[in-house]
Amino acid sequence: MKFSLFSLLHQGLTGNQGWQPQWRDPAPKPAYDVIIVGAGGHGLATAYYLAKEHGIRNIAVLEKGWLGGGNTGRNTTIIRSNYLWEESEALYEHSVKLWETLSHELNYNVMYSPRGVMMLAHSVHDVQVTKRHIHANRLAGIDNEWLTPEQAQEFCPILNISRDIRYPILGAALQRRGGVARHDAVAWGYARGADRLGVDIIQNCEVTAIRRDASGRVTGVETSRGPIAARKIGVVAAGHTSVVMGMAGIRMPLESFPLQALVSEPVKPVMPCVVMSNTIHAYMSQSDKGELVIGAGTDQYTSYSQTGGLHISQHTLDAICELFPMTRRLRMLRNWGGIVDVTPDRSPILGQTPVPGLFVNCGWGTGGFKATPGSGHVFAATIARDEPHPIAAPFTLERFTTGRLIDEAAAAAVAH
Amino acid sequence: MLLIRCPYCGMDRPEIEFRHAGAAHITRPGPPDRVTDEEWAAFLYLRDNPKGRVAERWRHIHGCGRFFNAVRDTVTDVFVVTYKAGEPRPPESLAPEALTPEARP
Chain A
1 MKFSLFSLLH
11 QGLTGNQGWQ
21 PQWRDPAPKP
31 AYDVIIVGAG
41 GHGLATAYYL
51 AKEHGIRNIA
61 VLEKGWLGGG
71 NTGRNTTIIR
81 SNYLWEESEA
91 LYEHSVKLWE
101 TLSHELNYNV
111 MYSPRGVMML
121 AHSVHDVQVT
131 KRHIHANRLA
141 GIDNEWLTPE
151 QAQEFCPILN
161 ISRDIRYPIL
171 GAALQRRGGV
181 ARHDAVAWGY
191 ARGADRLGVD
201 IIQNCEVTAI
211 RRDASGRVTG
221 VETSRGPIAA
231 RKIGVVAAGH
241 TSVVMGMAGI
251 RMPLESFPLQ
261 ALVSEPVKPV
271 MPCVVMSNTI
281 HAYMSQSDKG
291 ELVIGAGTDQ
301 YTSYSQTGGL
311 HISQHTLDAI
321 CELFPMTRRL
331 RMLRNWGGIV
341 DVTPDRSPIL
351 GQTPVPGLFV
361 NCGWGTGGFK
371 ATPGSGHVFA
381 ATIARDEPHP
391 IAAPFTLERF
401 TTGRLIDEAA
411 AAAVAH
Chain B
1 MLLIRCPYCG
11 MDRPEIEFRH
21 AGAAHITRPG
31 PPDRVTDEEW
41 AAFLYLRDNP
51 KGRVAERWRH
61 IHGCGRFFNA
71 VRDTVTDVFV
81 VTYKAGEPRP
91 PESLAPEALT
101 PEARP
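Those protein sequence lines, which keep their order, are chains A and B.
Take 1 as the starting number for the first sequence in the numbering used here and just add one per residue.
Take 1 as the starting number for the second sequence in the numbering used here and just add one per residue.
In short, the hints are calculated from the structure, not lab data.
Derived lysine to any residue pairs resembling SDA-like cross-links, with alpha carbons at most 25 Å apart:
| # | chain 1 | residue 1 | chain 2 | residue 2 |
| --- | --- | --- | --- | --- |
| 1 | B | K51 | A | A209 |
| 2 | B | K51 | A | N335 |
| 3 | B | K51 | A | G69 |
| 4 | B | K51 | A | E206 |
| 5 | B | K51 | A | L310 |
Hey, can you work out the whole structure from these sequences and the hints?
Here it is, written out as structure tokens:
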């Protein structure tokens, strides 16, 4: 069913009884052309673009839990493209451009809201680094501008720009085209779009082994729902990438850490934008429900526990209370953790692997949500053509051997 | 917050006294002029990142300041055992009295 004003009116007037499930729940077939491991935003987007732009429709997306139940449903939904290096700027800007038309593309409201992302500077070093980013972005044609503390407070009135706090605000970088989107809707929209193009989304189906022939090429996977054959496999398993790639004998340059987020009780609109502070480890925006959505840092140790230490959240709330004094009497409703796969250079890994037929899309670390459409788009092209998409080409696994790292650690040590 | 037993101080202390220092028992390859790019990449960047027991380095930075090693379960975050730097990784099955209280059966 296509969503439109007409369908909404029709359903509204007939008691909303005619809505159909938006994707099928198929049993796995014995064989597919392509298997995508992981039905998060990136995996579903990959399947969608493979079906839509490359004519490969015999695809299965295998998910060990439920669709969008990992980091897609756990992140703080920030979208921006103001990265430092040209390779990253191209990748994330490609994604922002897709965000701008995504709701129309999918006929599904992903609630993309370019309300502006403001990144705070608290020290002389911060000011210099932030201005360097702004200049690099402007050379690449990406909007990013410097604000004085007064201009920052004008843009976000609840911001505390007092000079006598522990980490006073000396200025901010503002990307006006940055913003947020509804994370669940992104997974659901891509799932619905892919399903309509014939993609089988198979939930509760955990991959337990990767099968290969005598030449080493992949021939399929073993799953909790039986063996499934395929000549191409794309692993998009976020925090569990090392586990899945280990099934093909590949060690990855990845470590998995818990990253936490939390939301407050819902309040009336107070926060018109996204504010991030990498220096004091806090970022905040307000959801359409009214909850203040707050992102904390990662724990220091690797873990698959999907929780995190309470002291990490407390550290973030200390910063939030100082930056936004009106939040001091707010109660936090929930906090949770997701497992993020972090690379040594804080840039993703996208492309082919030493195993023929096996592709990997991982290493998005603490900031993969913003890249969902672009990541799926270039990864689909890489799988379909058996060669890296030009935007994905710098992000191959080989860069850790050649030394051509894309060191975004300064841009995204904590918040991403 | 985790409670961690420093094998030098012999006490269970809160995690904020410690600094995690990455995977343990990684040997630097050498001599440098004979190490291939692949070997350097494996040493510098490739990690097992297991879902299960991992051997890792910790430093009691706000205590004795010394590095030590630990075996921890990355699913439950329970420390199985901590041991001094330079000692080999303990075997998978240890006597219950060698384990931390949380890891005892």
